[in-house]
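Residue numbers (my numbering): 19 to 365.
If you're looking for bench data, these hints aren't it; they were derived computationally from the structure.
Treat the hints loosely; a few may be bogus.
Straight-line Cα separation of at most 27 Å, BS3-like style, residue types lysine-lysine; simulated pairs [stated by the list, open to error]:
(1) K220 with K178
(2) K308 with K354
(3) K279 with K360
(4) K327 with K308
(5) K110 with K226
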Amino acid sequence: MRRSLAAWLGLAWRKEEFLAQYQQAKGAVESTRARLSQLEHGSRPEEVQQAQHNLDEARATLANDRLTLSRTKDLLAQGVLSRQALDDATAKFESSQQRVHSLEQGYQLSKIGPRQEEIDRAHGDLAEAQGRADFAKAQLDATIIRAPVNGTILERTAEKGELITAQFASSAEGGPQGSVVSLADLTDLQVELDIAQDDFSKLSHNQKGVVTVDAFPDRKYDGVIAEISPEANRQKATVQVKVQIQNPDEYLRPEMNATVKFLANEVKTTNSQPSGVVVPTTAVRDHNGKKVVFLAFNGKALMREVQVKSQRSGGLLVQGLNGGESVITTAPQDLKDGQKIKIKGQS
19 MRRSLAAWLG LAWRKEEFLA QYQQAKGAVE STRARLSQLE HGSRPEEVQQ AQHNLDEARA
79 TLANDRLTLS RTKDLLAQGV LSRQALDDAT AKFESSQQRV HSLEQGYQLS KIGPRQEEID
139 RAHGDLAEAQ GRADFAKAQL DATIIRAPVN GTILERTAEK GELITAQFAS SAEGGPQGSV
199 VSLADLTDLQ VELDIAQDDF SKLSHNQKGV VTVDAFPDRK YDGVIAEISP EANRQKATVQ
259 VKVQIQNPDE YLRPEMNATV KFLANEVKTT NSQPSGVVVP TTAVRDHNGK KVVFLAFNGK
319 ALMREVQVKS QRSGGLLVQG LNGGESVITT APQDLKDGQK IKIKGQS
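Take the sequences, apply the hints, and build the full model.
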């Protein structure tokens with residue numbers, strides 16, 4: 019069923035109506051397909067036999083009616099029967115003749131089968147019915163809203179009863195006119211940074227960093243540089259860098275203000291000596307069967323697991339640090355990860 023745009027405006031529709039239209043269109047397709055199959059296969063042997071049987075019965079009836087008509091004429095001549103009896107016998111004989119003629123044609127057609135023109139027309143009817151069914155299915159599918167990706171609904175951009183256009187031109191609010199909600203994959207979050215051109219040379223792809231957000235400054239997230247813009251912002255004298263958050267949780271939200279502290283890249287060495295960082299012996303302690311040190315970071319103690327490689331003059335050579343971290347050399351025994359600390363000499 020096709021309707022003009024003017025017919026659609028102001029017309030209330032229910033999903034059940036589209037479903038009924040689709041089911042009706044599907045039924046028409048099946049009916050047309052069955053008729054086409056019947057034409058292509060022709061009459062069954064049983065149908066041909068039935069047509070032959072009906073024709074034989076009609077011929078027998080015609081022979082009997084012919085004999086009755088002949089007798090009626092003789093009796094009329096003798097004055098035994100009236101003229102009305104002759105008219106009745108004549109009408110019955112002519113009716114039997116017509117029936118035999120019709121059944122003979124049907125019998126011949128059942129043996130020959132349908133014409134090619136009928137089969138071609140049935141193919142056209144099936145294509146037309148399938149087109150109507152496809153259109154009805156498209157209308158039914160349009161009553162269901164499907165998200166193109168997995169994600170969390172951030173905003174509902176349309177209200178119940180509001181007209182939604184199919185075009186995705188920008189609306190006055192900056193959102194797409196054809197959308198009903200705004201989605202985001204909160205397991206795939208990035209921090210967009212504008213890095214000064216003077217500091218740009220210090221960063222590289224896959225460089226690690228620690229991400230914090232203003233809303234939850236106590237929470238730390240591992241980050242890695244995923245993208246560096248190929249062009250600079252001439253007006254700001256910056257280069258955009260995107261940092262992929264590797265361990266996002268339910269606290270993070272899009273558009274939050276974030277800070278990234280980049281860690282120095284590990285320097286590769288060709289010496290046979292193992293690489294690492296030398297820390298005071300008093301800085302290393304045991305924790306649940308592992309060696310750890312505490313770092314001073316943003317006024318808190320940050321526990322970091324290390325691997326002791328060897329003993330050096332002035333301390334232990336450990337791996338697990340990047341170098342440049344503020345290591346707590348004499349940490350209290352009851353110091354815990356994330357505990358607030360105050361460094362001597364700082365207010």
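Here is what the structure says about each hint:
Of the pairs offered as hints, the one joining K220 and K178 is violated, with about 52 Å between alpha carbons and a cut-off of 27 Å exceeded. Taking the CA atoms of K308 and K354, the gap is near 15 Å; set against the 27 Å cutoff, the hint holds. Only pairs whose Cα atoms come within 27 Å are accepted, and K279 paired with K360 is accepted, the gap being roughly 20 Å. A distance of roughly 13 Å separates the Cα atoms of K327 and K308; the hinted pair therefore holds under the 27 Å criterion.
A hinted pair counts as satisfied when its Cα atoms are at most 27 Å apart, and K110 with K226 does not qualify at roughly 105 Å.
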